[in-house]
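There are 2 protein chains.
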Amino acid sequence: MSDPEKGPPTIGVFDSGFGGLTVLQSLLPRLPRARFAFIGDTARLPYGSKSRRTIARYAVESAQFLVREQGAESLVIACNTASALALDAIQDAVPVPVLGVIEPGATAARASSKTGDVLVIATDATVQSHAYATACKDQGLRALEKACPLLVPLVEEGWINHPVTAEVIRIYLDELATDANAAGLNPDTLVLGCTHYPLLRPLIEQAVPNGLKVIDSAEAAAEAAARLFNGRAQPRGVDEAGSTEIHCFATDSVEKFERLGSRFLGRPVGKVELVDLGG
Amino acid sequence: MSDPEKGPPTIGVFDSGFGGLTVLQSLLPRLPRARFAFIGDTARLPYGSKSRRTIARYAVESAQFLVREQGAESLVIACNTASALALDAIQDAVPVPVLGVIEPGATAARASSKTGDVLVIATDATVQSHAYATACKDQGLRALEKACPLLVPLVEEGWINHPVTAEVIRIYLDELATDANAAGLNPDTLVLGCTHYPLLRPLIEQAVPNGLKVIDSAEAAAEAAARLFNGRAQPRGVDEAGSTEIHCFATDSVEKFERLGSRFLGRPVGKVELVDLGG
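So the protein sequences, as listed, match chains A and B. Each residue of the first sequence is one higher than the one before, counting from 1 in the working numbering. Each residue of the second sequence is one higher than the one before, counting from 1 in the working numbering.
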């Protein structure tokens, strides 16, 4: 895929905001020789509460920016909502391979689950699309999905280890357990179907019953991307990312992106460029 | 302002979402003979976390829609963030009188405060603009502002009377009281500087110390609009709103608007029309 004379291949990574930086963080050690162009469509976030039509229009504009302006040779849609509602539209709009986070998440759930029943927590729009339920069904799994709209604002408020956040997680997971019981499911796996949720993983793991395994779609998507774009996944721990090129773009609030982004990427995001997608 | 031959005057009311319906609810009994056109720019909400430039561009598009397409002869900017960051831009862009919510809120705070020190809670963008502090200073008041970014998502989750919401309010108000104390202020008035917050008024009033009066910018703006557009405020309780025409428009999620809107308006919002502002 990459021409040795023209430098490392560019992988475009797209999210509605900063959350997708958790996917980029997982990608870095797996694709150490790639150049990454990340765009957060922060002027129009959050996608989670918007309609399919609007989300598809927004996501296609960001994807086209990455391919046309940044020369991306492949795309990772590091946003569950856009993966759920706009993957087809993006694939139709750009001439490069496109990978979402839903299918890798479902595949990882398949590998984890012994009972065949899984739980998924995500944004409103992702849940309403039933993209996880459909992808899990394709893997022979039964999935019960729940929207947890307060978790993204709690992460963005920085209440990562806060008692209020622990209580909100407990309430959501209790409701989900009750619904699973009522539906006759015996779940053993919980999929984090939003790229903000990995930051809450410690609190979520404290709140889930023993024996329930937590799967991170961001991690799963990065594994899948490494297989797809690299030929083979880099062994974990081989992080040469210090030499990896990362260029971040945002459609609004460059300062906020720079300030919050490092929390998601686990390292400074560097200088963020403002992009006007016209909407 | 109104020509008797062409029917009642149209008042345009604008918000980034549904919150401004609390202002519309306060306007109805005060301007019973008006026709109201309300637009919620739901495709691009929330404005509270976006930059001045982006907010101004979005707000002007909605204002122009109300004036050009709906024939609005006056506008109420029923959104604290847009009032704080885009009032001048809107006034420059449309040839009708424009009223925001900030100045009426500050005027009401002036009427309430005996100590001359007031507290303001609002979104991130409203607070960062210091629009309330400036408007309060013009009234001879000292104001301390605090961003409370979790309150809007809690209202939209429907957790209006929820213990988690009560705890979040307690945390925010405790932090604000500590800051006020450190700044040597002696506040006796709290301004609700976001149109979502009136729905939390019961919980907020339980959380504030005795003697602190809660002022609602939505209510204050409706009073000011009635004086400005009607010549005189209608006496309270004279609600002829059953005969008032209300037309609601949204840039996204018409179903969600219809479902959530009634919570803010205190009555059904009726059929909501989808509008494409092109962004």
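It is worth saying that the hints were derived from the structure and are not from the lab. Model, not experiment: these values are computed from the prediction. Do not rely on the hints blindly, as some may be mistaken.
Repeated chains share a single entry, so a pair holds when one copy, or any two copies, can fit it.
To be verified - Lysine-lysine pairs mimicking DSSO-like chemistry, simulated, CA-CA at most 30 Å apart:
#1 K213 - K137
#2 K271 - K137
#3 K271 - K146
#4 K114 - K271
#5 K256 - K146
#6 K114 - K256
#7 K271 - K213
Self-check item: Ascending list of hint numbers which this structure does not respect
Solution: Going through the list in order, the structure violates hints 2, 4, 6 and 7 and respects the others.
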